[in-house]
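Modelling step: build the complete structure from the supplied sequences, incorporating the hints.
As you go down the protein sequences, you meet chains A, B, C and D in turn. The opening position of the first sequence corresponds to residue 1347 in my numbering, with each subsequent residue numbered one higher. The opening position of the second sequence corresponds to residue 3 in my numbering, with each subsequent residue numbered one higher. The opening position of the third sequence corresponds to residue 2 in my numbering, with each subsequent residue numbered one higher. The opening position of the fourth sequence corresponds to residue 10 in my numbering, with each subsequent residue numbered one higher.
Just so you know, nobody snuck in bad clues.
Below, simulated DMTMM-like cross-link-like pairs (lysine to aspartate or glutamate); rule was C-alpha separation at most 25 Å, straight line:
1. B:K211 / A:E1624
2. D:K44 / B:D20
3. A:K1553 / B:D272
4. B:K335 / B:E314
5. A:K1603 / B:D272
6. D:K43 / C:D222
7. A:K1622 / B:D232
8. B:K207 / B:E189
9. D:K43 / B:E21
10. A:K1426 / A:D1554
11. B:K88 / B:D12
12. D:K26 / B:D20
13. D:K24 / A:E1497
14. B:K207 / A:D1615
15. A:K1622 / B:D204
16. B:K278 / A:D1565
17. D:K332 / D:E245
18. A:K1523 / A:D1450
19. B:K278 / A:D1450
20. A:K1603 / B:D208
21. A:K1491 / D:E27
In short, the hints are calculated from the structure, not lab data.
Each chain is listed here by its residues.
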Amino acid sequence: MSDSIISTDDLSVHFPLKGPLFGEQPVVRAVEGVSVDIGKGSFYGLVGESGSGKTTFGRALLRAAPITRGSAIYNDGEVKYDLPTMNKQALTDYRKRAQLIFQDPYAALSPRMTVRDIIAEPLEVMGLTKTREETDERVREIAAKCRINLEHLRRFPHAFSGGQRQRISIARALVSKPNFIVADESVAALDVSIQADVLNLLKSIQKDMGLTFLFISHDLSVVAHTCDHVAVMYLGRLVETAPTRELFTNPRHPYTKALLSAIPSLDPDNPGNPLKLEGEIPSPTNPPPGCKFQTRCRYAIDLCRKEEPKLDKLGAEHDVACHRWRELADNPQISAA
Amino acid sequence: MSTPLISVKDLTLSFRTDEGLVKAVDHVSFDIAPGEVMGLVGESGSGKSVTAKSLMLLNPDNAVYDPKSSITLNVDDQSIDVFSLKKPKEQMVIRGGAISMIFQEPMASFAPAISIGDQMVEQLMIHSTMTQSRAKEISIEMLTRVGIPDPAQRFSQYAFEFSGGMRQRAMVAMALSTKPKLLIADEPTTALDVTIQAQVIDLMKDLVKEFHMAILFITHDLGVIAQTADQVAVMYLGKLIEKGSVRQVLRNPQHPYTRGLLDALPRLDDLDTPLKPVAGDIPSPLDRPPGCVFHTRCPVSLGSECETIIPEFITNKDGQQVACLLAEKDAQKEEAEA
Amino acid sequence: MQFFRFAITRAFLAMITLIMVSLIVFSLMELVPGDCAERYLAFKSSQGGAITIADIDAERVRLGLDRPYLVRWGSWIFNAFQGEFGNSCILRVNIAQLLGDKFWISLWICLASLFVAYLIAIPVGIISATSKSPWANNSLRFVSYLGLALPNFLLALMIMLFSTVYFGDTLTGLFSKEFRDAAWSYERVMDFLSRAWLPVFILAWSATAFAIQTVRALMSDEVGKLYVTAAAARGVSGRRLLWRYPARHSLGPIINSLGFDLNRIFNELPIVALILTLTEAGSLLIEALALSNDQQLAGAIIFMLTASIVAINFVTDIILALTDPRVRRSILG
Amino acid sequence: MTNTTTNGDVNVDQKRKEAYFTAGQGQLIWARFKKQTAAMVGAGILIVLILAGIFAPFLTPYDPTIDGRNKDYVYGAPNVPKFCDDNGCSFRPFVYTFNRTRSIATNFRWVTEVDKDARRYLTFLPEGDKYKFLGMNFTTHLFGVDTGKIHLFGTDSTGKDIFSRTFHAINTSLAVGTIGVFIAFVLALIIGGISGYYGGWIDSALQMMTDTVRTIPAIPLFMALAAFMPDTWSSETRFLFISMILGFVGWPTLARRVRTHLLTERNQEYVLAAQLCGASAGHVIRRHLLPSFTSYIIVDLIISFPYMVLSETALSFIGLGLKDPVNSLGVMLQNVTDPDVLLNYQWHFIPVLFFITLVLAFVFVGDGLRDAADPYADTKK
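Take a look at the structure:
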């Protein structure tokens, strides 16, 4: 697709583990063969439980995690970079165009720098502004956009609550005027009453500045409300991807279905769909053979235990990686063979 | 109404800190009936955990309870004043006897170098006169009951050898092994993945029925509350601001904070309504607003009245209680009209 | 089997450490101006004999000092592992024989001090970490700091002088005169014990101060952990809560640091020995190290001290692996 | 009226809060440090002692070496200045003149007779022994007496003024400690820094090395080395050599701490944020790593300082460290080993008190700083 700002093909990230001195070295296959296209200007959601590899995938796109295999192309219309092979100069330029918003607003801000210095740091490092006045102006501009009280710029982070800190963190990510932002669980640490505020801020900024977001979250309801396209990951693999509404009304992968049904409903009289998962996500050092979800899947058959399913197109933008999605779609009452 | 299992009255508690006394819980009162699941909802800093720990006198040493606070526990036709329990022997009833507690982080709440089984047996033997082998039998039974595979082998393992979900199951097994009348669950599912959370909630629901115990379920997640609780109490900055049955509170919230919380929550069954955040930030516990604690963020604040008058609880005809001046005025108006 | 492999690996690592240590010690002794041959002949000349360069060279060849550096180190370390350190430069006697019991007595005195230090420090540290009274806390802190500020050689001196003045006995030495050269017997042991308490006490003095700080810091950390609250919530209380939970869990790091605590005591041994004139123990050390410039003897002593620290570290590693399930599982899988 | 006052209060409160909100690391540490009484007292004493050490040549009346001795007042007791006696009072404090004799009748001990009629009045800023300060020669001292000599802490076996010696000894001990700490710190920073910043196999190798060095009992080893110090070395060379030895004893522990700080700090999210902006290693070190651990390093330095002083004292005490004319607290402590001193000339213990005070002050300040050094610990949830 030409209008993708990021497109990956078979992207894998493996981390070596400290193992015995001799013999086979254990490897964590955090991300394995993930292919996605993130459309320019989209709010792309990436969902998964802990250990699904979603954070690593996001970092790999920012070249903060080593890409072991596969390709990842960044193309914003102005420049085009092949992420795994780009040179130092290209990387420096890429840093201006792609940024990260962290999860923990407490850990992400240096307690020893004033808010102004924190937001100005990317400008200084990247050499985007020439004079201090210019830097200050840029900082004030972005701070206003993120609804940070300008009088607070000389304060230190310890003066702020979680929501305010997260806004500072957002301002820092935006100050270099990037095109692509990875927001890694950026509202997970916030209270519900603050969370909506930050989500709305992200949405409005995305519209204003025409950004593309990769929004990583474990919370399906948050994703449902903010993203226009969602990818579901399980144990380093992509299991299903579709436009948000399509995914939430018509989930195809048994894991997506289970994930959706696991969200407790706000209606006390509606206990929800009883499709509950047994067991827990296996360790990425020692993944099961075949389909990675087979150990917890009630529909798993021999084929699932032997062969890993490939992503199957079932609509223009809806892909699913399951051997049995057709059968299951035809007959939802099907039982495990 | 029958006698409540536990009755908390005017619980007020401050912490002695470098900055002086910091009020964490302010005149909190609620009852829990036997076999009832009470959901205590609140955001960070609302004092919900501190309230729960008060029931077991587990707050750290710098906690100062207001002398007017009272907690009464009614078990076996006996009425126990919790604050009068001074000696460890007397406190046994609220610590693992009639009340048990499970915590948010199952990993941190098991001693790392003592096997899960040893910790379970220890608790059973403290609270009864049974033999060690009997205690072990019961422990393994409990582990089986909460759905831990290979319980006999798991019995001698350590917390770090369990997965997150298994640890929380083991925690539940341990808490229930002494057959308490009240289980305090402090954010028991927050650290878990959704699919595991669903498993643990199911398990707890089953066990409530089976053991006929009451639960004080503390969480910030209204969805979890909707699926587990009978009664709900909402806390904000150390104050209880609304309580009632789970259906009343979630379907017909009276307090502007509860309403705001529900509006701010992204819901899967309604993707079109935009999220409405509660304006402003949660004030630091160091500077609690005077008057109604919520007035700094309240969209319907009455101005100076809300800034000075601390609202009292009023009860509507369905038994739903709310502490809000606006609701009070509306009620008075209705009364006058009637 | 797994455990056996672990023990072997650890032993192997300990050996490597010891070899590295020996290289450092040996090199430093080499760096010192003058060698054994010069030193002995200088000593001889001071006794009145005339010496020439040729004499020194002949002596060098006799002692094997003309061989290359690494070869000499190799043969030194090879012999050292067999407990053979050659002859003393000046005294001209076999070092192993010269040290004999003396080294072991010193080692036992140090170990006894370490034991005493923790015997006091564990309860005191626990009390000071868990006590609610600020008064008790502050005074314990002050006392333990005094243990640092009043160096033990000064303490030794004061005790000694005090006893000289008031009891007429200097309390020095490890044996009374009549037992100094006697063979080991029941009486000699008793005599030894009646005098050994003083060096043990004095060496334990600042070791205790250090140990209290360690125990206190570890306990304060552990007491605040959630599992302690959780245990209290289950009805565990009093001493049982304290010992079975935080105290047990802070034991690991304490065991881990024992080797380095012993090192600190070794650092103080020579000075204390000098004051208490413990000729049987550490003062031989001083004599060899400081007074007679005997590099062969000095090297041997330092090597043996280090070897005992390495040995302690090895033992604590094994103990830790046996007592801490986390370590145990990571070895045994 | 009442309203304005409350408004004023609110403003003051607001200002106080804003001051806290805009307070940097140093200010926060100071604010926390100030609250600890013991540490503040320790800091006060420490500053006084350090100043006393630095300005010792001026503050004390005599040369501390053999040149400044008082031949006529060997083993002399302290002179306590008085304002009043039987002969009346005086605005100027005075001491008495002593006449000392010894003969077979007195068992060859010095016997002192006080001549209460011969007062020696204290004078301020008198000219006296020559000393060098900041490279210049001075002869003015803070105080003295108009005739004869004054010995506030008495004199030692050769008649040297213990008061002067004590203050100079503080100076020397602090200087040895400072150089020792400095050497240890430079080594620690290089080795711990490389280890912590690069990690991986470099870290493992350096850790192995550090641990090996840590297993060698340092003092016996350096005693052995010190023993080979030629007697011909000048006192300055000895001084440098001892400082270096102390530095080499101290570095492994410090290096471990530096490494741990670096490792934890390097993995902070805000460091990653800077790296994701393309920040160079230099920028990360300058803006994040250094500011984050300078406070810890200062704490570590202060905590290790008393051990340097203690080790120096120990070495000097057994005669392997500093020797006259350089005198340190260790040299001073050596004097009290003599039973004769304990029985007859107890004023030799005065330097011991100074020594204990100095070490205690360091320990308390170090402790207070350690508690204050991480002002952000409780803001992290």
